Amino acid sequence: MHIWNDFAEEKVKPVAYFDPLWFNLYADERHRSMVLDWIKEMGIFSKKYVLVPIVLWSHWSLLIFCNLGESLDSESDTPCLLLLDSLHAIGPKRLEPLIRRLLSDIYKIEGRSETRDQLKKMPLLIPKVPQQKKGEECGYVVLYYVSLFVECAPETFRASNGYPYFMNKDWFTDEGLESFYKRLDSFPPASNVHNDSASMDSDACVQTISADNNGSHTVICLD
Numbered sequence: 003m004h005i006w007n008d009f010a011e012e013k014v015k016p017v018a019y020f021d022p023l024w025f026n027l028y029a030d031e032r033h034r035s036m037v038l039d040w041i042k043e044m045g046i047f048s049k050k051y052v053l054v055p056i057v058l059w060s061h062w063s064l065l066i067f068c069n070l071g072e073s074l075d076s077e078s079d080t081p082c083l084l085l086l087d088s089l090h091a092i093g094p095k096r097l098e099p100l101i102r103r104l105l106s107d108i109y110k111i112e113g114r115s116e117t118r119d120q121l122k123k124m125p126l127l128i129p130k131v132p133q134q135k136k137g138e139e140c141g142y143v144v145l146y147y148v149s150l151f152v153e154c155a156p157e158t159f160r161a162s163n164g165y166p167y168f169m170n171k172d173w174f175t176d177e178g179l180e181s182f183y184k185r186l187d188s189f190p191p192a193s194n195v196h197n198d199s200a201s202m203d204s205d206a207c208v209q210t211i212s213a214d215n216n217g218s219h220t221v222i223c224l225d
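In the numbering used here, the protein residues as written are 3 to 225.
Read the hints as simulated data drawn from the structure, not as lab findings.
Keep in mind that this is a model prediction, so the values were computed, not measured.
Even glycine gets a Cβ: it sits at the ideal position worked out from N, Cα and C.
Errors might be hidden in some of the hints.
[Stated by the list, open to error] Okay, derived cross-link-like pairs now, DSBU-like style, lysine-lysine, Cα gap no bigger than 35 Å in a straight line: (1) 15 - 171; (2) 95 - 171; (3) 171 - 50; (4) 122 - 15; (5) 184 - 123; (6) 184 - 122; (7) 135 - 110; (8) 50 - 110; (9) 171 - 135; (10) 123 - 15.
[As the list claims (entries may be wrong)] With beta-carbon atoms standing in for the labels, derived distance ranges: (11) 176 - 48: 34 to 42 Å; (12) 120 - 185: 37 to 45 Å; (13) 10 - 78: 22 to 30 Å; (14) 42 - 171: 31 to 39 Å.
Work the whole structure out from these sequences, hints included.
Here is the structure:
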């Protein structure tokens with residue numbers, strides 16, 4: 003599915019995104035340096051927002067790096083992290099240690115001067131976003147988070163002012179999500195996707211794989 007091309011150019015210009023398999027690969031020390039090489043090629047510090055789909059423990063969530071190119075002391079656009087999770091009951095904070103390590107490694111490969119202790123103080127915000135109603139829809143909800151965020155992302159955002167104004171438990175309705183599902187169903191399935199995640203390179207199709215208990219998956223491309 004190609005949803006990225008549906009966004010207006012001015013909406014996507016300040017946004018970058020990681021391949022959804024990268025975080026999972028980064029969690030494995032054998033692939034960590036490879037993933038960091040891919041990230042370095044992206045030049046993400048020039049972007050206001052960086053979307054990082056996460057799939058771990060058969061569940062999808064969405065991490066958003068905000069204002070990474072700004073100083074940690076900035077009073078206008080303070081760097082921070084947003085973690086959007088459709089199943090708060092399983093404890094999204096359990097991802098924080100790995101998120102913090104990834105953040106520190108990214109600053110290191112970019113040659114930034116910020117220390118690990120300084121980066122630990124970067125706020126990690128977990129908004130009370132709408133929660134999934136079914137057990138196997140987390141991947142699709144993450145796609146909906148992506149779609150809505152890109153359309154509504156504020157031009158300026160400070161953690162001290164709270165979450166972006168639109169991001170709360172009433173962010174979207176069940177009817178809106180159901181309409182998005184129908185839109186996904188109208189797209190043809192993606193093809194030519196490698197089954198071996200370790201073989202993916204930085205030019206690979208961005209995929210969202212809906213995790214379920216049976217091990218089946220659906221591949222959805224952002225571009």
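(message) Can you confirm whether the C-alpha distance between residue 184 and residue 122 stays at or below 35 Å?
(response) violated, 41 Å
(message) Can you tell me whether the CB distance of residue 120 to residue 185 sits inside 37 to 45 Å?
(response) Distance hint for residue 120, residue 185 holds at roughly 42 Å.
(request) Take a look at whether the Cβ-Cβ distance between residue 42 and residue 171 falls inside 31 to 39 Å. (result) holds, 37 Å
(message) Next pair to validate is residue 15 with residue 171; report whether the Cα-Cα distance is within 35 Å.
(response) Holds - the C-alpha atoms of residue 171 and residue 15 are around 27 Å apart, at most 35 Å.
(request) Would you check the hint for residue 135 and residue 110, treating anything up to 35 Å between C-alpha atoms as holding? (result) Given pair residue 135, residue 110 is violated - Cα atoms ~39 Å apart, limit 35 Å.
(message) Between the beta carbons of residue 176 and residue 48, is the distance compatible with 34 to 42 Å?
(response) holds, 37 Å
(request) Would you check the hint for residue 50 and residue 110, treating anything up to 35 Å between C-alpha atoms as holding? (result) It holds: about 19 Å lies between the C-alpha atoms, which stays within 35 Å.
(request) Please work out if residue 184 and residue 123 have their alpha carbons no farther apart than 35 Å. (result) violated, 41 Å
(message) residue 122 and residue 15 were given as a pair; does the straight-line alpha-carbon distance stay at or below 35 Å?
(response) Holds - the C-alpha atoms of residue 15 and residue 122 are around 28 Å apart, at most 35 Å.
(message) Please check whether residue 10 and residue 78 have a Cβ separation lying inside 22 to 30 Å.
(response) Because 25 Å falls inside the window, the suggested range holds.
(request) Sort out whether residue 135 lies within 35 Å of residue 171, counting only the CA atoms. (result) holds, 13 Å
(message) Need the status of pair residue 95, residue 171: alpha-carbon distance at most 35 Å?
(response) holds, 18 Å
Checked against the numbered hints above, the structure breaks hints 5, 6, 7 and satisfies the rest.
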